[in-house]
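The task is simple: from the sequences and hints, build the whole structure.
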Amino acid sequence: MKAGPLVDANRVTADFFPAYLHDYAFKCDAASMELPIFSLSTKPDISISKWESQDGMRRITVKSSMLGRATLHDKDVLIFVASQLVAGVDRGLPETNTRTVRFRAYDYLIATGRGVSGAEYNALRSSLERLHGTILMTNVCTGGIRIDEGFNLIQRYTMVTNEEGPSRSGFVEVELSTWLYRALCAFEVFTLNDAYFRLRKPLERRLYELARKHCGHQALARIGLELLRQKAGSKATLKEFRRMVRAIASADNLPDYKILLGEKDIVTFYTRNTARLLQSLPGPNLSAGA
Numbered sequence: 449m450k451a452g453p454l455v456d457a458n459r460v461t462a463d464f465f466p467a468y469l470h471d472y473a474f475k476c477d478a479a480s481m482e483l484p485i486f487s488l489s490t491k492p493d494i495s496i497s498k499w500e501s502q503d504g505m506r507r508i509t510v511k512s513s514m515l516g517r518a519t520l521h522d523k524d525v526l527i528f529v530a531s532q533l534v535a536g537v538d539r540g541l542p543e544t545n546t547r548t549v550r551f552r553a554y555d556y557l558i559a560t561g562r563g564v565s566g567a568e569y570n571a572l573r574s575s576l577e578r579l580h581g582t583i584l585m586t587n588v589c590t591g592g593i594r595i596d597e598g599f600n601l602i603q604r605y606t607m608v609t610n611e612e613g614p615s616r617s618g619f620v621e622v623e624l625s626t627w628l629y630r631a632l633c634a635f636e637v638f639t640l641n642d643a644y645f646r647l648r649k650p651l652e653r654r655l656y657e658l659a660r661k662h663c664g665h666q667a668l669a670r671i672g673l674e675l676l677r678q679k680a681g682s683k684a685t686l687k688e689f690r691r692m693v694r695a696i697a698s699a700d701n702l703p704d705y706k707i708l709l710g711e712k713d714i715v716t717f718y719t720r721n722t723a724r725l726l727q728s729l730p731g732p733n734l735s736a737g738a
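Mapped onto the working numbering, the consecutive letters of the sequence shown carry residue numbers 449 to 738.
These are computed hints drawn from the structure, not numbers from a lab. There is no bait here: all hints are sound.
No more than 25 angstroms apart at the CA atoms, straight line, and that leaves these computed lysine-lysine pairs for PhoX-like:
| no. | residue 1 | residue 2 |
| --- | --- | --- |
| 1 | K683 | K706 |
| 2 | K511 | K683 |
| 3 | K498 | K687 |
| 4 | K498 | K511 |
| 5 | K687 | K712 |
| 6 | K491 | K649 |
| 7 | K706 | K687 |
| 8 | K511 | K649 |
| 9 | K491 | K511 |
| 10 | K712 | K683 |
| 11 | K683 | K649 |
| 12 | K687 | K649 |
| 13 | K649 | K706 |
| 14 | K687 | K491 |
| 15 | K683 | K491 |
| 16 | K498 | K649 |
| 17 | K498 | K683 |
Right, here's the structure in full:
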């Protein structure tokens, strides 16, 4: 994770950033990787979700419209946009001085491993609606600034389709929240493995996010099962969550990391790189300062 913003997060000059880059890595902001913002449910989730860190210093409340809270699969839109914007900031492109990003719907669908049928375009529209309808209230710091604020996950969106041309001629325009934009400008991001988009189960994706965030450049990290359940945003009982984590560990589908559910409900995320793992034992305990 690189430090040091290259642009002023409060300065907006260009009309939009054209997210048409081809050579970029997938990036996700650190805050949303750690915090349980997105729903793990595959059905509309209209409940109010609250989370507070163990020290009581950080908190979030997430509310949704009647369409339901944005899901982890909806988050792909933000990951795609963040990846393009961070690449633009890193290259010093002047158009990055705006929270508004324009991209081709076709490019998004291909990049995130989706098809390009009419159903996929409709699913994208639904994702935009849920992202816009989900409100996050938080005091979590991004870009070195801590503000108690409330905002939609995307402030607004526009989806334009050329009915007389090829489907790929349509575009989407989204305005990001200042909270997320600050994080991207400050490079408070982690690189994701492209295989992330091949994970279909929401909890698999969430566990990968937490493994990636907490391992960072380390070979492994440990966390208690109950704390993991809270950070994952799971509504399952601890018994059911234990079963699900054990099943995911057994399936062993996570890119870059493996999962071990050990004694006393301690979960260990560890790298698939055996050489790095042997050099790093023992690993840190995540419970401190969580």
